[in-house]
Structures are given as structure tokens and as C-alpha cells.
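> Chain by chain, the residues:
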Amino acid sequence: MTTHTLRSKRRRSALRTVAFLSPWLIGFGLFFAYPLISTVYFSFTRYDGFRPPVFNGLDNWTYVFSDYPMFWPALRNTLWLVLVMVTLRVIFGLGIGLLITKIKTGTGIFRTLFYLPYLAPPVAATLAFVFLLNPGTGPVNTMLEWVGLSPPTWFTDPDWSKPALTLLALWGVGDLMVIFMAALLDVPKEQYEAAELDGASAWQRFRFVTLPNISPIVLFAVVTGVIATMQYYTQPLVAAKVASGNMGGSGQLFEPGYPEKSTLTLPQIVYNAGFQRFDYGTAAVVALVLFALAMVFTALLMRRRGGLIQVGD
Amino acid sequence: MSIRTRKTAAALAATAAISLFASACTGSTETEANDDPNAETTLTLWHGWSAPSEVKAMKENVERFEAAHKNIKVKIVGNMTDDKINQALRAGGSSAPDVVSSFSTTSVGKFCSTGAFVDLNPFLKKSDIDPAKVFHKPLLDYTQFEGNQCSLPLLSDAYGLYYNKDAFKEAGITEPPKTWSEFDKVAKKLTKTKGDSYEQLGFMPNYHGYETTISHYAPQWSPTYFDADGKSNIAKDPAFRDMISYQKKLVDKLGGFPKLKKYRNTFGDEWGAKHPFHTGQVAMQMDGEWRLGMAKDAGVKFEIGTAPLPVPDDQIADYGKGYLSGTIMGIASTSKKQNAAWELVKYMTTDTDAVVAFSNGIRNVPSTIEALKSPDLKHDPSFQTFIDIAQHPKSNSSPANVDGGAYHLTLQDVGLRYESGKLTDLQSGLEKAAQQIDTDIAKLK
Amino acid sequence: MAQVLDREPAVKKATADTPAARTARRKALLHWIAVHSLGIAAALFFVLPFVFVVLTSLMSNQQTLTRDLIPTTWEWSNYSKVLDTPGFLTWWRNTLLYAGVGTVLTVVSSIPVAYALAKFRFRGQRLSMMLVISMMMLPPQVIIVPMYLFWAKQLDLAGTLWPLIIPMAFGDAFAIFLLRQFLLTIPNEYIDAAKVDGCGELRTLLKVVLPMAKPGIAAVALFQFFYAWNDYFGPQIYASENPAAWTLSYGLESFKGAHHTDWNLTMAATVMVMAPVILVFFFAQKAFVEGVTLTGVKG
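Chains as they are written, first to last, in numbering that gives the first Met the number 0: chain U, 0 to 312; chain F, 0 to 444; chain H, 0 to 298.
Bound-form chain U, shown alone (with noise of 0.2 angstroms):
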């Protein structure tokens, strides 16, 4: 083969790769590297959408940094949920998936049934659970108060807002569900069978060999559901929305994050600032942080060594 030929296929190897790329090579760069300049370009600036952007230096960050009254407890709210809602999230997920390993009887039904609320549309969750959660007539509240509980407010007040929305999201672990039970399924037999012999009890059994070896699923579900948190946008939304009984049409004005912001995120202060408030560049600030946090988290998830997502070979 001469290198004449050699040279030529690679390049035909190179423009094949291209044209089987191409669709993603556009979007990429139409809906991911434009925007980001572009929004970095953005948080320089003051710009409300009718009058031409000018540069403003860094006044849009220390706005946001010491001044924006949303963004602090926008990220206390993100810690909150990342230590409670997340966590909550993977034991009860992982709780489930065992549970489901160990049913013989019925074992289709249950899974559905615990499977089916992750798929309800997020908007129709959350409606349902303001409504089940409605501190007046909602049934659970019923319920707990005829077995003599003084049920809380849940989503009208701000110390049980959060709470409530992590029962939401319980409600809908499905998806953890599924990964847990495929990974629990994996764990060889012969390891549980020798751990038996050595007289191990179930909980040793479950310390020392079903955890050694679902371990970096745990830790798939953590990293993963902390880019969710990042992400939380409509269920809080609707809830405050719903609860406040201000969806915007009787010429009240709705506090974000109601009650007294405890249901503030970040996405929810982005959409604030750039589409209610008209501060593009406030706006433009707070994707940033949201992309900065998200892509460290994204980062550990594509570790070379002990990556959760292997990426190349």
C-alpha cells in the first residue's frame, strides 16, 4: 500500500466520521457553544430586551454575589435538597429496589405500581400533591388528624415546603427503583452463598457483599441526582404557584418561591430575573454559577479513574 493510498482512505476514515457526526457537530454548536458565549457576553451587560445592551462591567456579579435577594437562598434551598432530597431519594430508591428483589408473589404488579408515578407528568404530580397535601380538606391531613396527628401546612409553610416536595419526589423513584433492582440482580450468588456458609447475618450479608458491589451505583444515583437538583424547576414552580393560590391572573404579585422563598432554586431565579424581572444580565450571571455547578458534578461523573460513565476506551 502506498502512502498516497494510505493517506487517502484516512482522510475518506475522517470524512466519514464527520458526516456521521454532523447533525450533533451543528446542534452543538447552535445550542450549546453559541448560547454559553453568548451568555457570558450577556452577564457583562445591562440589557432588557428593548433597549441595546450595554456593557457594564461586573456590576451583574457582585449584584448577584452580594445584593440579588433570591440568589442565597436560591443555594441554601439547592444544599437543602441535595443533603436531604437526594439522599432520601437513593435510600428509598435502594430500599425499594431490595424490597422488589425479594417479592415472589406478584412481582409484575408491584414493580409497575411502584414504577408508574415516576412517569406522571411533572405538572400533574404537582398538582396532585398540592391538592392530596392541602392543608384545609386534602386527604392526607384528613387522615392524620383521625389518628389524633396535628398535621403540618406542608407547602404553605416554609419550614415544610421542602419537605413536601421531597415526599413528591419520592413518590416519583422510580427510575432509582429500576437501577437498583438491574444492579442487586448483578451481584453474584455464589458471594451471598459463601458469606451464608461463613454464618453472615442479613444485614452483614447486605454490608459486606451487596454494598461492596452496588457501590458505584449508589454513587451513579448521588451524582446524578444532584445534576437533578440542579434542575429542579417545575415542581417547585407549580407548587408555590398553586399553594399561593397566585397563578398571576388577579393582579397580585406572586413571591417567588412562596412561602418566604424556601422553594426557590436556581433555574427558577433564572427565568426570574431574565423573564419577569427583564434583567438579562442578572439572568445571564446566574446560568453561569447553574453551569459552573452542574458541569463540576458532571465532571466526577467522567472521571478517567473511577469515572461512573466510562467515555472513551
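To be clear, the hints were calculated from the coordinates, so they are not data collected in a lab.
The beta-carbon is built from N, C-alpha and C at its ideal position, and this holds for glycine as well.
Check each hint, because a few of them may be wrong.
[What the hints assert, rightly or not] Under the rule of at most 20 angstroms between Cα atoms (straight-line distance), these lysine to any residue pairs were calculated in the SDA-like manner:
1. Lys273(F) - Gly244(U)
2. Lys8(U) - Lys152(H)
3. Lys258(F) - Leu148(U)
4. Lys152(H) - Pro52(U)
5. Lys194(H) - Thr4(U)
6. Lys118(H) - Arg202(H)
7. Lys55(F) - Asp296(F)
8. Lys273(F) - Leu64(H)
[To be verified] Here are the computed distance ranges between Cβ atoms for each label pair:
9. Gly123(H) - Leu196(U): 27 to 33 angstroms
10. Trp145(U) - Arg21(H): 37 to 43 angstroms
11. Val50(H) - Thr106(U): 19 to 25 angstroms
12. Glu169(F) - Val50(H): 41 to 47 angstroms
13. Ala32(U) - Glu39(F): 43 to 49 angstroms
14. Trp202(U) - Trp73(H): 46 to 52 angstroms
15. Leu201(H) - Trp202(U): 51 to 57 angstroms
Using the hints, position chains F and H against chain U.
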């Protein structure tokens, strides 16, 4: 293949560059009112009403206009909130409206300052209308910003006190309270507790008790929101401190925040038949004029009394005033049919017969001086209270600002924390809030 | 019960009526009862919300404001009332358009990309894969300001769903990732064999790989369909200003706004938004569960 790919890459780069440039220099706000108002045309009108009876009243109003202006057809789109309006006006384009009506006066500052709505002064001049002779001053205040009259009032809302006459009789109260010190005694007297809750509450003072927000309480103390330099005045004007501490005292007197909040959660929806005033859960309610019609529709059994809200003891001379607000109407600066649009706005906001008929249909207070005096108004006698409040010289409104009313939320936040006891030093809370308001507004200027 | 015991070989072996066997059997039975009680408790947690939603959707308006859990009169007309709501059918049509067209575009545009990432060897492959994952993890709000300005101001497409549909013709990161994971599981021998037979890359992809990748494609299509069906943020940004372009998820929220107190109607509408998703799931359960598992599998 190779050429095509390279071309794609080049096209991609070019598109990206163009859009970056283009998005950096859009946003023209120049008005181009050179369309012929007599030409055949179709206008798009957006409004916020969603209840069937209100939608119907709006439709009838438009039909009257179309009958008077045969060349103009109007396409009506209802249930439009300010967020959607703001966004659509920025996008412009084919689906954007020509004429917009919004419930909330809080966005007026934004509509005017950004040029989303055109200044109506030239149109008023062209049509020989002196707005000061057509509208009362507070209504002109909330429809303009720094001299830019970018909207006009389309009916107005006046806030007053509703009371349950039967409950009053039972408690031996003969007259609605005129001062706040009378008010808390009356509220206390009307309150009947039951266990750790209430059988009947005199008044729900909490800021989340529907219309009982700071911006609706405050006018009774004659507040000044901004000083001459446009800086927030809430920490300097004692009106705010007095009002917020009065409300807190009321909360404590009537059972304390946690108990009231728990009771509040048993209330039906503000816009539904099970409103706590309708059901007798509360005996008095601060509300706008529309409550009267809603209560009647809900079929309440007791006799309803209406009165102006009380005033502080030392300002008894001002009794009779109240908070004014209302729906506003403006012309989108992106509209290509501004002269035709003006015909519609002019008709709906200034034509006495139109305003009277619409007021009768939607049961809001008429917004022009002539319409307020009109004998054709078909309203219940208790409605007169609100017409009087609307004409009271000391009635006031909260000023428009560039932040679209975010300053109300910042102030309300102080109130919420103070009523619940989370904030104890009110003055420092107000000072911080004032600072926040100034920073937020400076950010948007 | 017999079926259960069948699955426990230890128990089955000990059919002899020894005390030890009896204890073992009792232990197994207790274990079965414990596990299934837990299972039923969990099932109640997952199912009761649906039950209450459906029950409420059949109540009269007056009754939703009481503490009753079960309807006293069964108001089936609530559903026809929802259907008669102006716009409800339009929302349906728009959602189907967004989800249907979007899904087809996504699948068609993502397959070649996923194939290249899974089976080709090229410089920048690792980087491309990292970028795909980064795009997948990117919260849509991050780039919304320039994207909105681009669609609304440059292309005058605000008030339509096109800004949500068109990008799907350029590959969706999640679909690419999922398909690539699936294609990795297809042994290279099949591809090599096709090449030996003289197939070009495109033909290999179409004739050999695609038929084998059907389950993966089905999973991707389902995910994409559900994504579009459930999307709230996209329609909120691009379609909110034009009710004729609203989707079910967005319309449902505004439905609540317009029917402040009518929880019965709101819940009926909620049921009607949830039901199609659940129906689709029943028909395509296997593909779906496989897809979820795939997201967690190491490549």
C-alpha cells in the same frame, strides 16, 4: 462530501457570529404611528380576565366598539398575565398584541420606562383630551411613570371594609369602626374562639389573608414610598412603621400568628364561593369593590355592610379614603397599527357610555370623572361606598417603578417576618429593605 | 403459596416432617409475610395518590371543599366539562405534535452520531463523548437567554413550538448517549462481517446495526416522547404568549389558574394528562425498563 461539510461549518460559524451581533443591536423603541385609523384592519387585544362573566363583559365592550368603528375588527385574547405580556412585547413578531390591558398597576413603571408601551400624550393631544379633566389624579399617577403616560385607566378598583351586619348586630355593634383603635376593639368583640381555633374571627389581619397586604393597608396612613430623589422612603416615613406595628398588635390581640395562620388554612379560595367572608368564618374583610358582586353570586345569607377602611386616630379628618388601583390599558410599541389601536384605547378608557356599560358588566368602579357621576350606573347602594372612596381627594395609590413592583415584595417580606415574630427590630428591618429596594432599582435603571 | 415454596429449594428439600424442616418452613412463611406486607405498604404509598386524584375528579364542586374522601355523587360530567374547556383539545394536538415530530427527528438525527461514537475510532472521540455528556447534564435554563433572543428576535418564532422541535433535528445529547451505550453492546464481529460482504458504513448501519438496536431505539423514542410530553419550561418560555400553541403540561397549570376553586375539574384534567403516559407505558413496559437500566450501566 468534504465540501459540503466545510460549507456547513462555515455557515455555522457565520450564523453564530450574525446572531451574536444581531442580538446585540435589536430593540428599537421608536414609534411609527403613521397608519390610517380609518383603514380596514384587525387589532389584537390582550386582557387578563378569565372568569366567564368577565370575559363576556369584555366581549360585549369590544362589540360596542366594533359597531362604532366599522373598519376595525378586534381579536380578543384573554387570561394574559403580566409575565406573558412582558415577554411577548419583547419578542414582537406576528403573534404580539397591539393593545394590552393588564390587571396590575405594578408593571406600569416597567412598561413605560422600557418603551414597551408608547407614550399616549401625543395621542391625547391629537384627540384634544386633557387627561386631568377626564381622570382623578391617583388614577393618572398609577398609569404613568416620570411624565410618560404610557397607559390609561380602564375601570378602577377601590378598597374598603366589608362587614357582616348580622354579626355586628349580634355583638351589639351599631356602626363600622372609623379609627384603627376602634377597629381592633370591634374585631376583638366579633371574635368567638372555639378550642384552639375560632367559631368566628372578627378580622383576618395576616398579610397572606388575601387582600390584607401592606400596599392595601398602608394608604390609610398616607405613606410616601419614594422621596424626591426616587430613593425608598419606607424607613424614614413613620407611616410604614406605624402601620406594620399596628398590624402586629392586631395579630397578637386576635390570638397570635400561629393560631391565625392555622385558621387561615381552613379558608376557601379567594375567588371562589367559599371565601371566608361569605361563609361567615370572618366577620370583616378588607377587599376591593368586586367582593360585593362575588358575595351576592355566592348567595350569602347575611346582610353585607360596606364602609371605608379606618384611619389612624390622629387623622380622623381623612376618613373616607382608601387604596385605589385598577386595570390599565396601553398600546404596544411594536404595533404597526397604533392609530387604530388608539381608537380602541380612547373608546374603552374615555368614552363615558363605554366606561359605564363596562363597569356595569364587570362590576368594577368606573374610571372617568364623568362616568362616576353617570345616572346609568346600575349598582347596588352599598356599591356607592366604593364610588365615594374612588372620588375621595385623599385616596391614594402606590407609585409605579421600574422594578415592576418588586419593591412591594421586599416591603411585604419585612411585614411577613415581623408578623410571625422572626423579625423583632422593625426599624432595622425597614432600613435593610429600603437599601435593597434602592439597589434593585439602581440595577434596572 | 405453593408457588412461593417452590422457589425456595431449601424448603422443598425438607419435605420430611422433621422439626428442623418445620422451623425452616415457618421461617420462610414469616419472611414471605413480612416482605409482602412491606410490599403492600409501599404499593399503597405509590398508588393512593392516584386513587385520591381519581376520586376527587369525580366529586361535585361543593364536595371537594369538604373532608370527604369518597364522592357522594359521581360526576362523570367533570370529564366532559374539561374536554369542553376552550383550548384543551388544542393543547392535546400541540403536545402530540411536539412529542411526535420531536421524537422522530431526535431518533433519526441521533442514530448516526451514536453509531460513530460507539463504533468508529477517531481523534477527539473521548472529547466528543465528554461534550455529549456535558450537554446532557446542562440545565436548559443556562442557555435560555440567548436561545430565547435567537428564536424570538432573529427568527420570529416566539409563540410557537418550533424553537423546541427544530433543535431535535440536530441530535439530542441524551438520546445519543443512550443509543451509544446500547450500540456498544453489539459485538463488532457483526459489523466486520457486513464490511467483508462489501457493505459501506451507511448500509452496515441500516441493514445490520439498526435491526439489532431496535430495543435501544425504542427506549430512546419513549424517553424522548415522555420528555416532550412532560416539558413545562420549554413551552412556558416559547409558547406562553400564544394560547394556540400551549401544550398539556403548560395548559394544565393555567387551567388551575382559571378554575381557582374547582379542584374536581383540575383533578379531572390532571387524570387526562397522566392517563396517556400510563397507557403508553403499559404497552411498552419492557423497552422502558431496559432503557432506564441502560442509563446506569457502565459503557
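> Are the hints correct? Go through all of them and say.
Results of checking the hints against the structure:
no. : hint                                      : result
1   : Lys273(F) - Gly244(U)                     : 14 angstroms, holds
2   : Lys8(U) - Lys152(H)                       : 45 angstroms, violated
3   : Lys258(F) - Leu148(U)                     : 16 angstroms, holds
4   : Lys152(H) - Pro52(U)                      : 14 angstroms, holds
5   : Lys194(H) - Thr4(U)                       : 19 angstroms, holds
6   : Lys118(H) - Arg202(H)                     : 14 angstroms, holds
7   : Lys55(F) - Asp296(F)                      : 16 angstroms, holds
8   : Lys273(F) - Leu64(H)                      : 8 angstroms, holds
9   : Gly123(H) - Leu196(U): 27 to 33 angstroms : 51 angstroms, violated
10  : Trp145(U) - Arg21(H): 37 to 43 angstroms  : 41 angstroms, holds
11  : Val50(H) - Thr106(U): 19 to 25 angstroms  : 22 angstroms, holds
12  : Glu169(F) - Val50(H): 41 to 47 angstroms  : 44 angstroms, holds
13  : Ala32(U) - Glu39(F): 43 to 49 angstroms   : 48 angstroms, holds
14  : Trp202(U) - Trp73(H): 46 to 52 angstroms  : 49 angstroms, holds
15  : Leu201(H) - Trp202(U): 51 to 57 angstroms : 55 angstroms, holds
The earlier numbered hints that this structure contradicts are 2, 9.
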